[in-house]
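Participant: So you can see what is in the structure, the chains are spelled out below.
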Amino acid sequence: MMDLSAIWTMTSSDLRQRLRDKSVFIFGLAVPLALITVFNFLFAGIGDAESMGPITVGVAIPDGDQVADGLPGVLDGVDNPDISVQDVVPTDAEAAVEDDSIDVAVVVPDGFGATVLTGGQADVEVIVPADEGLEEQVVTAIVLGYVDRVTALSTVASAASSAGFDEAAVQQVVATVRQGTQSPGLTSVVGETSDEQLGVEAYLVAGQTALFMFFTIGFGVISYVEERENGTLPRLQSMPIRPGSIIVAKTLVSFVLGVASTTVLLTAGSMLFGASFGRVGPIAVLVVATVVAVTSLVLLVTKVARTSEQAQIANTIIGLVLGMLGGAFFPVTGSGWLARLADLTPPAAFIRGLGITSGGGGVTDLGGPLLVMAGFLLVAIVAFVAIPSREGQ
Amino acid sequence: MDAVLSCEGLERRFDDLIAVDDVSFAIQAGETYGLLGPNGAGKTTTISMVAGLLEPDAGRAVIMGTTVGPAVVEAKAHIGLVPQDLAIYPDLSARENLRFFGRLQRMPKEALSARIDTVLETVGLTDRADDQTKEYSGGMKRRLNIGIGLLHQPDLLILDEPTVGVDPQSRNAILEAVEALSVEGMAVLYTTHYMEEAERLCDRIGIIDNGRLQAEGTRDELLLITGEVDKVSLQGSGDLRAAASDVAALPAVVSVGREPRSLDLTVRDAPSALADIVSTASAAGMAITDVEVARPDLESVFLHLTGRALRD
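Chains as they are written, first to last, in this note's numbering: chain A, 1 to 393; chain B, 1 to 312.
Since the hints were derived computationally from the structure, they do not count as laboratory data. Some hints here could point you the wrong way.
[Claimed, not checked] Label-pair ranges, simulated between beta-carbon atoms:
1. B/Glu11 - A/Leu19: 40 to 48 angstroms
2. A/Val288 - B/Asp91: 24 to 32 angstroms
3. A/Ala260 - B/Asp130: 23 to 31 angstroms
4. A/Phe41 - B/Asp117: 52 to 60 angstroms
5. A/Leu42 - B/Asp117: 52 to 60 angstroms
6. A/Ile317 - B/Glu221: 54 to 62 angstroms
7. A/Ile317 - B/Asp91: 21 to 29 angstroms
8. A/Leu320 - B/Asp91: 21 to 29 angstroms
[Claimed, not checked] Computed list of lysine-lysine pairs in DSS-like fashion (alpha-carbon distance at most 30 angstroms, straight line):
9. A/Lys22 - B/Lys134
10. B/Lys141 - B/Lys109
11. B/Lys134 - B/Lys109
12. A/Lys22 - B/Lys141
In this text, all values refer to a predicted model and were calculated from it rather than measured experimentally. All C-beta atoms, glycine included, are put in the ideal place defined by N, C-alpha and C.
Sequences are here, hints too, so could you generate the full structure?
Facilitator: Here's what the structure looks like:
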C-alpha cells in the first residue's frame with residue numbers, strides 16, 4: 001500500500017529543490033532549445049532541396065526526323081520541373097550549356113529516326129553542366145525514356161514486317177502496341193509530406209526533445225542514488241513511511257519533469273520554429289507514454305549504478321546512443337537489423353509518433369509507437385525486478 | 001519498567017563478514033546508552049538494524065513493544081535517527097528541512113510549526129532559519145542534523161557519531177544538548193569512538209569490537225573489569241617516612257611506595273580520599289609541592305578487553 005501523503009511531501013520537496021538549483025532549466029530547456037536553434041540554422045533549406053526550379057533545355061532535332069520530332073513536346077509537357085524548350089544548333093550546344101544560356105542540351109543525331117525504325121541503335125547526346133542538379137537529372141531521364149520507347153515501337157514494327165504484314169497492317173500493329181505501352185505522363189505532386197514524416201524544423205524539435213528527455217528525467221530518479229551518497233536516504237528510510245514510497249516519489253518527480261520539459265520544448269519549438277505536431281490529445285498520450293518508458297530505463301540505471309556519477313554517465317551514454325539510433329540528430333537511413341533495432345528505441349518511436357500526429361493521426365494511429373513504449377516499459381520492469389538491490393551492501 | 005529499546009541477539013552478515021554478532025542490550029527511558037568502539041567495530045550496522053534500515057540475519061530489536069524492521073512503520077514512529085553523515089538538504093533552509101521531515105513524521109501542521117521554532121531555538125539556528133543550509137558552517141549543519149532527529153520528540157533518539165569532524169565549540173554545544181535529552185526522559189543510543197564523550201554522556205556503556213559486545217555497564221562497573229585502582233603521587237620534601245606511614249593507615253589507601261622526593265600511592269576512589277591523604281601527609285611533616293592523580297579510564301578497559309588501544 002502506498003503512502004500518498006509521504007509521496008506527495010517528497011515529490012513536492014524534490015521538485016522545489018530541482019527548480020531551485022536551476023540545472024533542470026539549463027539541461028531540460030535552455031540547452032535543447034539552443035541546439036534546436038543551431039541545428040535549424042545549419043540545416044536550413046535541406047527540406048526544400050527536393051523542390052525543383054525551372055530549367056531551359058536546348059533541343060537539336062535533324063530536319064525531317066519524324067521519330068525525334070515528338071521529343072520537344074514530351075519535354076514541354078512536364079510540369080515539375082518547369083521545362084522551357086528551345087532549338088539549338090548541334091555545334092553550339094556544348095558552348096550554350098557552358099555559358100549558361102541553356103541548362104541542358106539534347107542533340108539528336110542525323111538519321112536517328114531511320115536507325116530506330118530499322119531496329120538499330122541510335123545514341124542521343126545529353127549535355128549537362130558540371131554541377132548537374134536534380135532538374136538536369138530529370139531531363140536526362142525523360143530523354144532516355146523517350147528513346148527507349150521509340151526503340152521499343154520500332155522493334156515491334158520490324159517484327160511485324162518480318163512476319164509478312166503489309167505496311168498498313170504494320171502501322172496498325174504499331175498503333176495498337178503504342179496504345180498498350182502508353183507510359184503515363186510525367187506528373188508530380190508538390191510539397192505534401194507523407195503521414196509519418198516531419199518537416200526539417202519539426203524533426204529537429206522532436207529529435208532534441210526526445211534526446212534531452214533522458215537528462216531531464218534523470219534529475220528525478222538519479223537523485224535517489226545521490227541521497228544514498230549524501231546520507232539523507234538512511235534518514236528517509238528511518239521515517240514512518242512505506243519502504244517503496246521513496247522510489248515512487250523519485251519516479252514521480254522524473255515523470256513530472258519529463259512531461260513538463262517535453263511539453264515546453266514542443267510548444268516552444270512550435271512557436272519559435274514553426275513546427276506543427278497536430279492535435280493536443282494524441283500528442284499528450286504519446287508524450288506520457290514516452291516519458292514513462294524513458295523513466296523506467298533511467299530507473300533501471302539507478303538500480304545498477306553504485307554512485308550518482310556512475311548513474312549520470314550511464315544515463316548520458318544511454319541517452320546519446322538511443323538518441324542517435326532513434327534519429328534524434330539525423331534521420332536513420334540505414335537498413336538491416338540495426339535499423340530495425342533503431343526503430344524500437346523510444347526516441348525513434350517518439351519522432352515517428354509525432355510524424356503521425358502531425359499528419360493528422362489520432363491516438364488509434366499511434367499503435368506502433370505506443371507498442372514500442374509499452375515493450376520498453378515491460379522489459380525495464382522485468383530487469384528492475386530481476387536485478388538485486390544495492391541497498392544494505 | 002519496560003525498556004524503550006531491547007536488542008536481543010542481533011546478528012548481521014555481509015557475505016563472509018560478520019559485522020554484528022549476537023549483540024544484546026536494552027535502554028530505559030531517560031537513559032543514555034553509549035556504544036563505544038573503534039571504526040569498523042559494528043556500531044553503525046547495529047544502529048542500522050535498530051533504526052529499521054537493515055533486516056537482522058538473526059535476533060531482533062524491539063522498540064516500545066514493537067519489533068523493528070524496514071517495513072514496520074509503527075516502530076519507526078518511535079525513532080529519531082541522527083546519521084553520521086549530514087542528512088540534510090543543502091538547497092532547503094533549516095526551517096524547510098525541519099518541515100519536510102516533520103511532515104514525513106506525520107506531525108500535525110500547527111504543532112509542527114511550533115515545534116520547528118522550539119527546535120531551531122534548541123540548536124541555536126533561529127537567526128539563520130530561513131537561509132539555505134549550503135551556506136551554513138559545518139557545526140551549524142551538525143546541529144541541524146541533530147535537530148531533525150529531535151523534531152518529533154521520539155522515544156528513542158539514535159545518534160551515530162554526531163561529533164565527527166566538528167570544531168570544539170560546536171562539539172561542546174552538541175554534548176550539552178544530548179545531556180539535556182535524558183533529563184527530558186528521552187532514551188538515547190549514542191555511538192562514538194571518543195572515550196571522553198562516552199564517559200561524559202552515557203549512563204551505561206557497551207564496548208563493541210569486531211561485531212561483538214565485549215562488555216557493558218556503568219563506567220565504574222566497566223573500570224572494575226580491569227582490576228585497576230586510582231594512582232596518587234605526592235611530590236615534596238620533609239619527613240616522607242612519617243608521611244608514608246600515616247597515609248598507609250588510611251582506609252582508602254591500598255599501598256604506598258616511597259621515593260626520595262615523592263610518595264606513590266594506589267587508592268580506591270581517589271577523588272573522595274584525596275583531601276584526607278593530603279592533610280594526613282602534611283600533618284606528618286611532608287611539605288607537598290605537587291599532587292598528581294591518575295585514574296583508569298575506558299581506554300584501559302578497552303585495552304584490557306581487546307588487547308589493543310581504542311584508537312587503533
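Participant: Confirm or reject each hint.
Facilitator: Against the structure, the hints:
no., hint, verdict
1, B/Glu11 - A/Leu19: 40 to 48 angstroms, "holds, 45 angstroms"
2, A/Val288 - B/Asp91: 24 to 32 angstroms, "holds, 28 angstroms"
3, A/Ala260 - B/Asp130: 23 to 31 angstroms, "holds, 27 angstroms"
4, A/Phe41 - B/Asp117: 52 to 60 angstroms, "holds, 56 angstroms"
5, A/Leu42 - B/Asp117: 52 to 60 angstroms, "holds, 58 angstroms"
6, A/Ile317 - B/Glu221: 54 to 62 angstroms, "holds, 59 angstroms"
7, A/Ile317 - B/Asp91: 21 to 29 angstroms, "holds, 27 angstroms"
8, A/Leu320 - B/Asp91: 21 to 29 angstroms, "holds, 28 angstroms"
9, A/Lys22 - B/Lys134, "holds, 15 angstroms"
10, B/Lys141 - B/Lys109, "holds, 24 angstroms"
11, B/Lys134 - B/Lys109, "holds, 26 angstroms"
12, A/Lys22 - B/Lys141, "holds, 23 angstroms"
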